[in-house]
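Student: Okay, here's what each chain looks like letter by letter:
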Amino acid sequence: MAEPHAHAAAHADHDHKPHGWRRWVYATNHKDIGTMYLVFACTMFFIGGAMAMVIRLELFKPGLQFVDPQFFNSMTTMHALIMIFGAVMPGWTGLANWMIPMQVGAPDMALPRLNNFSFWILPFAFTLLISSLFVPGGAPAGGWTMYPPLVLQTGASFPMLVFAVHLMGASSILGAINVVVTIMNMRAPGITLLRMPLFVWTWLITAYLLIAVMPVLAGAVTMLLTDHFFGTTFFTAAGGGDPVMFQHIFWFFGHPEVYILILPAFGIVSEIIPTFSRKPLFGYETMVYAVASIAFLSFIVWAHHMFTVGMPLAAQLFFMLSTMLIAVPTGVKVFNWTATMWKGSLSFEPPMLFALAFLFLFTIGGFSGLMLAMVPADYQYQDTYFVVAHFHYVLVPGAIFAMMAGVYYWLPKWTGKMYDLKLATWHFWLSTVFVNVLFFPQHFLGLAGMPRRIPDYAVQFTDWNMVSSIGGFGFGLSQFLLPYIVIQCIRSGSPVGNRAWEGAHGLEWELPSPPPYHSWTTPPSDAVIARGAAH
Amino acid sequence: MTIRKTLARLVLTAAAGALALPAVAEESGWAQLNMPKGVTDISRKIYALHMEIFWVCVAIGVVVFGAMIWSMVVYRKSKGAIADTTMVHNTQVEIVWTIVPVIILIAMAVPAARTLIELEDTTRTGLNIKVTGFQWGWEYEYLDEGVSYFSHLDRASDAARELGSGIDPTTVPHYLLNVDHPLVVPNGVKVRLLITGADVIHSWWVKDLGVKKDAIPGFVNEAWFKVDDDFTGMLRGNCAELCGRDHGFMPIVVDVRSRADFDAWLKSTAAGQKEAAAPAAPPPATAPSSPPATASAAVAASG
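Residue numbers (my numbering), protein chains in the order written: chain B, 1072 to 1606; chain C, 950 to 1252.
Everything hinted at is true.
No farther apart than 25 Å at their CA atoms in a straight line, the calculated lysine-lysine pairs in the DSS-like style are these: (1) K1139(C) - K1079(C); (2) K1175(C) - K1216(C); (3) K1488(B) - K1026(C); (4) K1026(C) - K1493(B); (5) K1493(B) - K1028(C); (6) K1175(C) - K1079(C); (7) K1026(C) - K1414(B); (8) K1414(B) - K1028(C).
Calculated directly from the structure, the hints in this document are not laboratory data.
Excised from the complex, chain C in its bound form (with noise of 0.2 Å):
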């Protein structure tokens, strides 16, 4: 193998390093650099597109920053360059390169458009839950089994996250991606959210789903999502809203089980609620901290 080959092919490993990540990686390092492919067929659709647009983006930035950076290294006074000032336009150079860039336009709309069409496409859904985003957590309500519960960040980021709590952010596990009650959802099915919002706007957004989507006050909006049949595990998001102080602090945790654990897991909820469903139905536990009294939301009480 000569030399050039193998400069090549560390280049190439380098760069594969760099951009095709491993599908949940969220240690730091190389995964720190790129979008994830998740853990759908959704995902891997807009991992793909985002790669394709990436690329061509690099291809023009080489053309474009190339005839710059030539004209900067060769084009200079002091080396003697001459302006050519008779060089004010020319109509054919300026038709082709509005015309390419129509082109290459058109080229990257139709997956896009593609993708697209397929990710709003809702129906022949096996699961349907209602998201509610509130300040400053989650609600789930899986709507055909009467089973909802709660969902705040975790008692050992909400200590460390105090303002000067003396806590090593580092030293807590997903800190501040750690929910009490995860939304449990089984892996091969497509799980309808219709999301909605209780006070002011949220987002619901767990990037190695594919799904971002808006939890507006007074109105449903719905996403899907189909994890794959192979999977299981922890996938975490976060609220992509601005939605007052605590925005930072209302993580998303979906717990992606088997088909027959799923089933299990809603089974004993299910009837677990039912049992204590006379003290108005609480979640498995009970949530650790009511959202803490701020300033914000006092004056929205008060006003």
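Extracted from the complex, chain B is given alone in its bound form (with noise of 0.2 Å):
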């Protein structure tokens, strides 16, 4: 078993991969490139992360104790483009490309260079955007959603945002093509589309998602850029546009966002619990199928996000219908990820754990969501801490939980080592706790009228806050122990074999731990093929 694929190292060693700093600036190496992607998402993390504390420190209590409002506000418009731009789209790109070739019986991605060249331009886009903090005017603070006429107003800052957004896409646009170009023509023959991991699935419409809607989030930005410097009137009532075409413009682009944001979440989720079940996933098809409508219907709810605009009544009804349609597809998920665990033979590895997190709590998240489609009661949710509880929901106990899933759960094949379980436990209870101390209290602190984006609140708001921000702090002190465990793996882990996880399934099982510098050199033979797909 080993000897082809230490045959395999033994030539890699041969090529002229560049070493040093030159491994990493000049990386064509999917593994290279994915963990660079995964080490930049985790720092931004950290940084969102921080900006976040800073948030919940200032709302401890009422009265204004550390920050200035603008400030505030800065604080919640970057913290939110850093997470969304910086730590989630990244965080899955890395693990695509880590995963990818692997799954599909592939040496490596399909455009290395590309692969480089759309790493390489975020630390760029987030150095230029992170330094806007210190320009005059200070950093964008109207809100990630970049609504004008009010964005119009940012200071020095506001060309950096555009060309920050602009770089991001490309990056984005970039990633997407590599995963579709790969994915279509670098599969072993044998792999039939139906008969892919569903983590190459969901990141197949995922990308498909990016290239259709990055763009028109780039002309967006652009017709922000044109209004503030040249004249036009896009988006000014007095010159003939209209303030309300941009949140369409942007929504249109927000919601399949939304979905490029957690449909890679619903494939690693569905490579876990079939793993940690020792079951095969229930009705395969129905969820390549549900992913596939739920990315046809993200294009047709964008104006759920806006309907205290005042919206014709027809257009309000369509878009509340849309939405509620949306639960049919994602409940059939929920309940094949249910199925799969019916009648197995379940164990709670850190991974299974963080899984069965994500599907209680984004369960939740769905819940909120279902309520915040109802138009008349929207009224009262919409631009609450309601809003800010709901969708906390889908994202950190849903996509980063599920990022952290499938971060522990192929850490040992990148590796070769086996991390600290315990510890790794420790961090999942810690979190799970903690996320739900964080987020739950915000749904009673929007439903009792707290707005969201404000500095400072009316007292009665008071204790659910502390509550809401001692929540805060403790999760945000838990995830350091996510590199220390990391970085104690890779150091000092006890050495894994091919198949760490003893349900596991797939390709990437079938390869040695950590896999050879180019994935497959040669296709997987068929009986591997069915080996790895032992459904």
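Reconstruct the complex from the two isolated chains, following the hints.
Tutor: Quick look at the structure:
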């Protein structure tokens, strides 16, 4: 078993692969680039997290104690931009880089130099964005949604914001193209579309979503740029424009973006739950169709983010109904995951724990999403902490927990070593307890009438804000366990075999741990594919 | 009464306490857990809709989470559970759990649509008030009576909210939810609001009225409310759309009066404003302070 791979590894050493800093700057290897993406995402997770700590610190009690309201608004704006574009999206791309070639039986991504380029855009994009904190007028403070006319009041950081968004968009589009080309062209013979692992499927659909909507965002911010500097009036009523048109364009990007952030999570959870239930995924094909229908529906629900702008009745009814419809395929997915565990043989290693937390807490976020779809009730929820609670439930214990589940699931494969399971279990429990202390009370705050994006609040909101802040500090501190566990694993983990988890199936587990430099130098044989897909 | 019945009643009372709340409660406690019922027919319909969908979610949650927890408890490897690897799909079950949610959703969509249609009906109104959001306050204009004035955060809150003011917010009455000149409206009358923005987008929100509508520069949005005949008192709300530095400091207060009190107030205010008409009609008392000059305002002015 180890023979051909040892040969492959030896062969790889004869390659003229760069060493030292050149290994990273000139990187064309999917694993190196994947690692850089993940390290970048983790760094941004901590920077964006630090901003969240500033927010929770100021909101710990009523009155302004620490920051100016303008800086507070910068914190909420930058926290969102950094977490969405800097942590979650690059995190998924990192996992795609590592896993897709291994899962489809390919040696590498299809377009390695493009891969290098799409990663290296990101540090520049975020240096530009974060350095806007230090220019006159401060960092962007008009919200990550960049609604005009407010965003046009941004100071010197305005063009920096626009160009940073352009760069992030370019990076995402290039990364997405690479994923599509890899999946469409590099699959080993025998891996038909409906034999692909769900992580590959969800990423394929995510990549199409990215290619479809990132240019829309680029167009929207470019129109802002010309409104600001070149006298156009796309979004100014005085010149015949319409500020609400920006919201329509933005959310036409923004809603598919929501699924860009969550679909890869669906894929990962669909890999982990079968592994630790020791049972094949229930309803594989319906899972694929459910993801595809969610992706389609995501294009026709955008205006549910803006029910209060004063749309015609017919439009509100349409967007309410289309939004409610999304609950159907999403429900199918949750039921399928539950059915996968039903009559399984469950064990609770860290990846499974995080996947289970995802299952419960993402569903809670789904419920509040259903509530938000009801237009008359949404009039009361819109722009309150109820919305903040909703999207943090789907993004933190949703997307982020699934990403951590993925890291804990595949880390032994990447490093060839097992991490400290006990410590990772601690990481799970601390994260799960604190994330609920942090976000659950925000449902109450929103329903009781606390608007979002405010640095100070009426005194009756004090108690739950304190609880929420305590949860926030606890959650933030617990996250330091993640890099510690990963570094400790790389340095001194105990070696693992090819199949790090007893119930794991899929081509990646047929490769040695760590996998060779060029993952599959020869396509896996039918027998290997059949064993990998031993469902 | 059996113990079980007593327990059931206790649980029900607690649930009712948590969920069925006094109309305009602002104090902390149970009122801080749920949406208020409000003081209009529409706000109560919204509340009912909110509770309906909430209980539907709870019911689905009990079933789904129940199945998940059952699996986690019963099908444990450590308890010797052996996986049934033949269970890969079941067309009948899958059809059922696709159709059932569709039926639930339709059942929820019908009352929601009905309320929405009622909510959008701005005809046959008795009083028209133009509401203009600006950075950072509100202007109210009684269109048929020629009365208009500005409404800002009250002085006490404004002093206490400064960074490091040293004033304990709990000592300020209605901290951040009080204004110098509230919007005065009569009860029992269908009031139509014509909402717009002067500079950036704001959103006029009073939860007890069940009204939230964006104030968009260059466009006029409509909303309406009709306060119960027997209600008088103050209702408090906020700007709900991020509008710059002092977004958190432009509350809304609605002073609901009886028809007769309102008419008297309107008459005297109209007379007062006419008297002072020569120097461009200021509100009954002058606004406490113009919005502080800020980095963003300065940039807006210069650029």
